[in-house]
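Undergrad: In case you want the letters, here they are:
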Amino acid sequence: MSKRILKNNIRALRFHQGEMTQQQLAEKVGVTRQTIIAIEMGKYSPSLELAFLISLVFDLPLNEVFSYE
Amino acid sequence: MGVAEKNVYVALVSTILVFAAYCLILIVYWDEYQGVDATRLLGKSIFFLMLASVMTNFSLRAIANIFFPPSSSSNPSIVDERDKMIELNGLQVSYLVFTLAFITAMLTLWMGLSVVIALNIIIVGLMFGEILSGAVKIIQYRRGF
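So the sequences go chain by chain: A and B.
Per numbering that gives the first Met the number 0, residue 0 is the first one in the first sequence, and the count goes up by one each step.
Per numbering that gives the first Met the number 0, residue 0 is the first one in the second sequence, and the count goes up by one each step.
Derived by calculation from the structure, the hints in this document are not laboratory data.
Yeah, the Cβ is synthetic: ideal placement off N, Cα and C, and Gly gets one too.
Any given hint could be a false lead.
Over the 10 Å line for every Cβ pair with chain B, so calculated as not near, a few chain A residues [unchecked claim]: (1) 8; (2) 10; (3) 12; (4) 18; (5) 27; (6) 33; (7) 55; (8) 59; (9) 65; (10) 67.
Distance windows between CB atoms, simulated [as the list claims (entries may be wrong)]: (11) A/41 - B/67: 18 to 28 Å; (12) A/59 - B/62: 37 to 47 Å; (13) B/61 - A/61: 19 to 29 Å.
Construct the complete structure from the given sequences, taking the supplied hints into account.
TA: In structure tokens form, the structure reads like this:
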């Protein structure tokens, strides 16, 4: 069975949300900019709560922001 | 680089410096550590080692803030879940190394070696654990996990 990884399209969503910066997204969800960078690059899997907070910022369901493939 | 990550680098460098200085002192004064007053000398060394660790850490942190000031966008008061997770992973590593050092120290006592040697093994284990913990944290900050 191949290993599944958590992917996201936060970068694209930020761009479409009025070119929101990583810092702005970080402030909205209460984390550091470095954490947002790590999530976008796939170096860090956010907690469930943080994933929901990010989805709420973009006003999208969780599975449209994150995917587990 | 965030504030928490920068603090990890500072802590690692200061621990390495203090560890190196302590090893040097041990080597230079090794004969006196085997003498009659060995335990008293060891207690004094460890006390000054703790003071040196704190002072080195503060000094290096101040220097790092001068040469690498935090950006206006970074918020030093935020320690988010990723920082806490990395901190916990580092703590696990340092506890493991310290436990191994402690067991080794007890074994040396059982074998009949001196208390000074056992205590030094514990001190070295503590410092080596901190160094390894810092290295693990840096790897996780850089490569992710």
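Undergrad: Can we trust that residue 65 of chain A is non-interface, i.e. its beta-carbon lies farther than 10 Å from all of chain B?
TA: holds, 16 Å
Undergrad: A cut-off of 10 Å on Cβ-Cβ distance, and residue 67 of chain A was said to be off the interface with chain B. Does that hold?
TA: holds, 17 Å
Undergrad: Is residue 8 of chain A truly not at the interface, in the sense that its beta carbon sits beyond 10 Å from all beta carbons of chain B?
TA: Per Cβ check, residue 8 of chain A is outside 10 Å of chain B; nearest 18 Å; holds.
Undergrad: Against chain B, does residue 18 of chain A hold up as non-interface, every C-beta pair farther apart than 10 Å?
TA: holds, 16 Å
Undergrad: Take a look at whether the Cβ-Cβ distance between residue 41 of chain A and residue 67 of chain B falls inside 18 to 28 Å.
TA: holds, 27 Å
Undergrad: Is it the case that residue 27 of chain A keeps its Cβ farther than 10 Å from each residue Cβ in chain B?
TA: Per Cβ check, residue 27 of chain A is outside 10 Å of chain B; nearest 13 Å; holds.
Undergrad: With 10 Å as the threshold, tell me whether residue 59 of chain A passes as away from chain B on beta-carbon distances.
TA: holds, 21 Å
Undergrad: Hey, is residue 10 of chain A genuinely clear of chain B, shortest beta carbon separation above 10 Å?
TA: holds, 16 Å
Undergrad: Does the no-contact call for residue 55 of chain A survive, Cβ to all of chain B over 10 Å?
TA: holds, 16 Å
Undergrad: Decide, holds or violated, for the assertion that all CB atoms of chain B are farther than 10 Å from the CB of residue 12 of chain A.
TA: Per Cβ check, residue 12 of chain A is outside 10 Å of chain B; nearest 20 Å; holds.
Undergrad: Residue 59 of chain A and residue 62 of chain B, beta-carbon distance inside 37 to 47 Å?
TA: Holds: the Cβ-Cβ distance is about 45 Å, inside 37 to 47 Å.
Undergrad: Take the C-beta atom of residue 61 of chain B and the C-beta atom of residue 61 of chain A, compute their distance, and say whether it sits inside 19 to 29 Å.
TA: Roughly 44 Å apart at Cβ, these two residues miss the hinted range, so it is violated.
In summary, the numbered hints that this structure violates are 6 and 13.
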